[in-house]
Amino acid sequence: MTDELWPQTPPEGPEDHEQWEEGPPREPGAKERIGPPAPGQIQLTVRIRRYNPERRAGSWWEEHSVNMEPTDRLLDALHQVKWYHDGSLALRRSCAHGVCGSDAMLINGRNALACKVLVKDVAPSVTVEPIRGLRVLKDLVVDMEPFFAGYRRVLPFLINDEEPPDRERRQTPEERERYDDTTKCILCAACTTSCPIFWADEEYIGPAAIVNAHRFVFDSRDRAAGTRLDILADKTGVFRCRTTFNCTEACPRGIKVTKAIQEVKRAIMFDRL
Amino acid sequence: MTTVHTYDAVIVGAGGAGLRAALESSKRVRTAVISKLYPTRSHTGAAQGGMCAALGNVEEDYPEWHAFDTVKGGDYLVDQPAAIVMADEAVDAVIELEHWGFPFNRTRDGRIDQRRFGGHTRNHGEAPVRRACYAADRTGHMILQTLYQQCIKNDVRFFNEFYVLDLIMTDDGRCAGAIAYELADGEIHVFHAKAVLFATGGYGKIFKVTSNAHTLTGDGPAICYRRGIPLEDMEFFQFHPTGIYKMGILISEAVRGEGGILINNEGERFMERYAPTIKDLAPRDMVSRAIYQEIKEGRGIDRKDYVYLDVRHLDREVIEKKIPDVTEFARIYLGVEPLTEPVPIQPTAHYAMGGIPTDVLGRVVIGPDEVPVPGLYAAGECACVSVHGANRLGTNSLLDIVVFGRRGGHDMAEFASGLDAATPPPDPEREAVEMLRSLLTGPNLEFAADIRADLQRHMFDLCGVVRAEDGLRRLEGILASLVERYKLIGVHDRGRNFNTELMEAVELGFLLDVSRTVVAAARTRDESRGGHYRDDFPLRDDERWLVHSLAYREKDGSVTMEYKNVKLGPYVPMERKY
Chain A
1 MTDELWPQTP PEGPEDHEQW EEGPPREPGA KERIGPPAPG QIQLTVRIRR YNPERRAGSW
61 WEEHSVNMEP TDRLLDALHQ VKWYHDGSLA LRRSCAHGVC GSDAMLINGR NALACKVLVK
121 DVAPSVTVEP IRGLRVLKDL VVDMEPFFAG YRRVLPFLIN DEEPPDRERR QTPEERERYD
181 DTTKCILCAA CTTSCPIFWA DEEYIGPAAI VNAHRFVFDS RDRAAGTRLD ILADKTGVFR
241 CRTTFNCTEA CPRGIKVTKA IQEVKRAIMF DRL
Chain B
274 MTTVHTYDAV IVGAGGAGLR AALESSKRVR TAVISKLYPT RSHTGAAQGG MCAALGNVEE
334 DYPEWHAFDT VKGGDYLVDQ PAAIVMADEA VDAVIELEHW GFPFNRTRDG RIDQRRFGGH
394 TRNHGEAPVR RACYAADRTG HMILQTLYQQ CIKNDVRFFN EFYVLDLIMT DDGRCAGAIA
454 YELADGEIHV FHAKAVLFAT GGYGKIFKVT SNAHTLTGDG PAICYRRGIP LEDMEFFQFH
514 PTGIYKMGIL ISEAVRGEGG ILINNEGERF MERYAPTIKD LAPRDMVSRA IYQEIKEGRG
574 IDRKDYVYLD VRHLDREVIE KKIPDVTEFA RIYLGVEPLT EPVPIQPTAH YAMGGIPTDV
634 LGRVVIGPDE VPVPGLYAAG ECACVSVHGA NRLGTNSLLD IVVFGRRGGH DMAEFASGLD
694 AATPPPDPER EAVEMLRSLL TGPNLEFAAD IRADLQRHMF DLCGVVRAED GLRRLEGILA
754 SLVERYKLIG VHDRGRNFNT ELMEAVELGF LLDVSRTVVA AARTRDESRG GHYRDDFPLR
814 DDERWLVHSL AYREKDGSVT MEYKNVKLGP YVPMERKY
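Protein chains in written order, with the working numbering: chain A, 1 to 273; chain B, 274 to 851.
If you're looking for bench data, these hints aren't it; they were derived computationally from the structure.
To spell it out: a stretch of chain B is covered by chain A in this simulated footprint if at least three of its residues, at any positions, have a beta carbon under 8 angstroms from a beta carbon of chain A; those stretches are:
{"#": "1", "stretch": "366-375"}
{"#": "2", "stretch": "718-729"}
Taking lysine-lysine pairs in the DSSO-like style, the calculated list, with each CA pair at most 27 angstroms apart, reads:
{"#": "3", "chain 1": "B", "residue 1": "Lys300", "chain 2": "B", "residue 2": "Lys426"}
{"#": "4", "chain 1": "B", "residue 1": "Lys594", "chain 2": "A", "residue 2": "Lys259"}
{"#": "5", "chain 1": "B", "residue 1": "Lys426", "chain 2": "A", "residue 2": "Lys265"}
{"#": "6", "chain 1": "B", "residue 1": "Lys426", "chain 2": "A", "residue 2": "Lys235"}
{"#": "7", "chain 1": "A", "residue 1": "Lys256", "chain 2": "B", "residue 2": "Lys594"}
{"#": "8", "chain 1": "B", "residue 1": "Lys481", "chain 2": "A", "residue 2": "Lys120"}
Ranges of calculated distance between the beta carbons of each label pair, as one might list FRET restraints:
{"#": "9", "chain 1": "B", "residue 1": "Asp458", "chain 2": "A", "residue 2": "Trp199", "range": "23 to 31 angstroms"}
{"#": "10", "chain 1": "B", "residue 1": "Thr696", "chain 2": "A", "residue 2": "Pro37", "range": "58 to 66 angstroms"}
{"#": "11", "chain 1": "A", "residue 1": "Glu163", "chain 2": "B", "residue 2": "Arg381", "range": "23 to 31 angstroms"}
{"#": "12", "chain 1": "B", "residue 1": "Asp808", "chain 2": "A", "residue 2": "Pro36", "range": "34 to 42 angstroms"}
{"#": "13", "chain 1": "B", "residue 1": "Glu749", "chain 2": "A", "residue 2": "Pro36", "range": "31 to 39 angstroms"}
A virtual CB, placed ideally from N, CA and C, is assigned to each residue, including glycine.
Kindly generate the complete structure, drawing on both the sequences and the hints.
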């Protein structure tokens, strides 16, 4: 019943992409809307690395000009492109203010959330690509499964089999502070996909998984630090890190990722060995 | 191709309510969770300030005081037995989260710290009370993370980036599953189930200025509504007083809980005039109306439509430790340094009190007699229990999702384990596929984005903090024309992979349906109560309007209203003063 929803043309080579069936042309005409910017607006040229295996085998670059308020987010500009230029542009987004972690992208060569970059800070032009090291599925959408698999490997949940008290377990403000920084992680993958080791070796568990291990290893209520450190001492774990600090620079939540990784390394070397 | 799955229980939505329900249900029966996002992207994660429970860790407090505040805060439209259940179960809910590893801020002696929040008072309104348990200003983020972590631990089965399109209903009115569309490859999936729980969140995207995510489009309520289930109390939408000017991004009430104040263009702390006892910590509907009034009387900053939120007098340490994220928002999006400058804010559409009618077990119920729809459940913002009545108190949403998520998940598992699967109708996906087909082959004469922008602008202007007959009547006409224009859109993307243009087109249809119920309910209710303020009927009218509204969809798309009694209890409605 649903097959007929979709055209049955197989993916073609780059030269054949015209065969891909376009929808009817936009009658209201997107192009007419792209006049000069209104007073107070600025024109932004967005260069996007596109990829759509239904249309072409490889990726290609596309440029779109949009008129934006200077204080608009880059995400708003991408929406203008999607909503008025090319509806097939694929990206993930939800909260639009940097807390859900959906829209990590490579923006002017650095990982960031598109909803935390303002138009005025990148105008007159900006380059947007998918984050690296994960398979691109379409345009700015990558396969997040390997990333979440790494996250799951560190047992990202509190482990404590002692009978809990009727009320809360006690934890001093100092004990709470010890792992505060790494509780901020929103799993956007900006850190992991900025890491050159991760690009080269998909077996490397990556910064985000280590951050989430750190969050429990240093939580006074948790009893499975040893198990987690064993996992991270493995050849795919923390010692792959070469301390390039890309992850710390990329983190939209300001987590000191490299520091957390170093703390985990030290815990493995000195606390246990 | 259509893929068919069979589960005992299917949960739609993976925010706090969906995940909490999944933890409960998956212990007992085969459970699947469908989400149009990755679970950790859900908007629960954007909640900031706290989750209230009368732990009494830092000062005297009782669940009964909490229940009273909830009822009064809801302007007496709250179903009192439900509010009592929620306040009573709040303490256990917080302790359970703590045992699961939730990183609460702590007191000196290691207990869960608590802080003040709007409308939460000691002894029935004497003074603000410290009731909100919190993790800095990312309490929702930590709830979402903690629940997701537990789901991983318990091996809950997720279908991420699956978009629900329809319910499967049998001829005798039993829910037998749901239809979803897989974003990655356009595949249609039929989920046969003995019970379905909707936890799809809110629908703030019907408004222009909102704290809500792009994805909050009322999917669950709209699907129920199209299947003949009424929507309850849709006229009650909460406008949070402190959204970032023009963008609507939430600045937590915790900022005022920690001592921040609102000032107008004369530098006056104007809330002292509107709520002499608890001032800036009055409930959100009252503060939003006060801001509206200040602006209307020319006391907005630069005589424009905003006022200031001021924290300059607070200790730097308080700002950095207790409200770090929201100060960061002001820096990033406004270029304002809250340590030295006041922050421009305006009311922002924040929370739907109304939604799919349920009882305290999470069962979806129809009509004044509350007849359950067998096998259908709802919890969280998409549902209306009703614990929030006409106005939700801050922090009670996070409490709602864990308390009623658990209850819904528990009862659906009980229900599903006790009976055989229903016989589904043939081709249950037919209508959903038809809907997609008609959007994919639409004439493409209108931009969906234009229709959405027009909808959001008109809803915000004519059905926002203040409403009146003239505007609402005009708005009904506008909505009718938007519905006509919606028929002229098309989907340019003909591919099946991540065709999010198609999803957005479906979402717009849901937004339009939900909006029509909001406007019809707002126009009929000629009184003012909680979040529903009618300029032309400024007083509450308990004689006529101490009732919940129910909006039904007619075949031609018009809305019919019905009403059901509020479940009263120990608290006699009285004038709401703070």
